[in-house]
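So the protein sequences, as listed, match chains A and B. Start counting at 1 in the first sequence, then tack on 21, and there's your number in this note's numbering. Start counting at 1 in the second sequence, then tack on 528, and there's your number in this note's numbering.
FYI, nobody ran anything at the bench for these hints, they're computed from the structure. Every residue, glycine too, gets a C-beta built ideally from N, C-alpha and C. Honestly, I wouldn't trust all of these hints.
Claimed, not checked - Here are the simulated lysine to aspartate or glutamate pairs, DMTMM-like style, with alpha carbons at most 20 angstroms apart:
id	chain 1	residue 1	chain 2	residue 2
1	B	K619	B	E600
2	B	K607	B	E636
3	B	K607	B	E584
4	B	K532	B	D572
5	B	K603	B	D631
6	B	K532	A	E128
7	B	K619	A	E56
8	B	K618	B	E567
9	B	K607	A	D119
10	B	K603	A	E129
11	B	K619	A	E76
12	B	K618	A	E114
13	B	K619	A	D143
14	B	K562	A	E129
15	B	K619	B	D572
16	B	K532	B	D542
17	B	K603	B	E558
18	B	K618	A	E35
19	B	K618	B	E634
20	B	K619	A	E35
21	B	K603	A	D143
22	B	K607	B	D572
23	B	K603	A	D119
24	B	K618	A	E56
25	B	K618	A	E76
26	B	K532	A	E76
27	B	K619	A	D119
28	B	K562	B	D631
29	B	K619	A	E144
To be verified - A partial selection of chain A residues facing chain B, derived with a Cβ cut-off under 7 angstroms:
id	residue
30	Q51
31	Q52
32	P57
33	D61
34	R122
35	M124
36	G134
37	Q140
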Amino acid sequence: MEAERVVELEIPSELGYEKMAMQLSAALAQQMGFEPERIDDLKTAVSEACLNAIEHGNQLDAEAHVVIRLQVDEDRLLVDVYDQGRGGPPPAEFPEPDINRKMAGQEETRRMGIYVIRQLVDEAGFVETPPDGGNQFRIVMLRCSGERGE
Amino acid sequence: MLNKPTEARLRRTDNAAIIDVSGDVTEQGEQAIKGAYVEALAGDPRRVFLNFGDTEYINTSGIAVLISLVMEAGKAGRKVGLYGMSAHYKKVFTLVRLPLYADMFESEGEALASL
Numbered sequence: 022m023e024a025e026r027v028v029e030l031e032i033p034s035e036l037g038y039e040k041m042a043m044q045l046s047a048a049l050a051q052q053m054g055f056e057p058e059r060i061d062d063l064k065t066a067v068s069e070a071c072l073n074a075i076e077h078g079n080q081l082d083a084e085a086h087v088v089i090r091l092q093v094d095e096d097r098l099l100v101d102v103y104d105q106g107r108g109g110p111p112p113a114e115f116p117e118p119d120i121n122r123k124m125a126g127q128e129e130t131r132r133m134g135i136y137v138i139r140q141l142v143d144e145a146g147f148v149e150t151p152p153d154g155g156n157q158f159r160i161v162m163l164r165c166s167g168e169r170g171e
Numbered sequence: 529m530l531n532k533p534t535e536a537r538l539r540r541t542d543n544a545a546i547i548d549v550s551g552d553v554t555e556q557g558e559q560a561i562k563g564a565y566v567e568a569l570a571g572d573p574r575r576v577f578l579n580f581g582d583t584e585y586i587n588t589s590g591i592a593v594l595i596s597l598v599m600e601a602g603k604a605g606r607k608v609g610l611y612g613m614s615a616h617y618k619k620v621f622t623l624v625r626l627p628l629y630a631d632m633f634e635s636e637g638e639a640l641a642s643l
């Protein structure tokens, strides 16, 4: 049995720093033996989760940090992205983006990140946190894609 | 700043305009991409293509820029073509259903052959 390993990264809430989290998660996923295609999926998911934390959770306040905690288990990689919740709690629902409505100007062209993340990884979503505890978004990638539970 | 600034360079063929996009495709690249698109239209090409062959990072705010550009093109009766992106970003573009409004091609040759 492989021992659990945890790696943490703290980044400022500035656009571009999400790339550090992408690189770190990719390195761990590669070490765990994930296929290149799944590593690309993970990198995009981690990037989008960090962008969400930077832009919405921390309102682009560079003094507010985003923490990325990666936990390697025997059968999965967990990535938790924490922000300071300055943008308030996340919405209860994340509807699928509708390109037809976007093209008609009836829906914002943005707001696709959480949907994309959920399509690319095995599990993803906000974890309940205490009031004023900030937000925690969790991404789960199973080692064996055959176990993917959608 | 870890983002690579978006560059969008315009070149032309007989009847098409090609915008070679390099650097990161993010919200910050909006001015570069849309500026090149406006410049491309000045030559009244049959089609404008965006080539992402030198792009390594595209996020959803960058995709929103592309959606906005495709939307503007559509209002003028034009359809933009996209090629050069990695298999991963083709998948992401497909997830958000961008191909409903912009054609995706495997290569520049295939893109130009569509004219």
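| So which hints don't hold here, by number, going up? | 1, 3, 4, 6, 8, 11, 12, 15, 16, 18, 20, 21, 25, 30, 31, 32, 34
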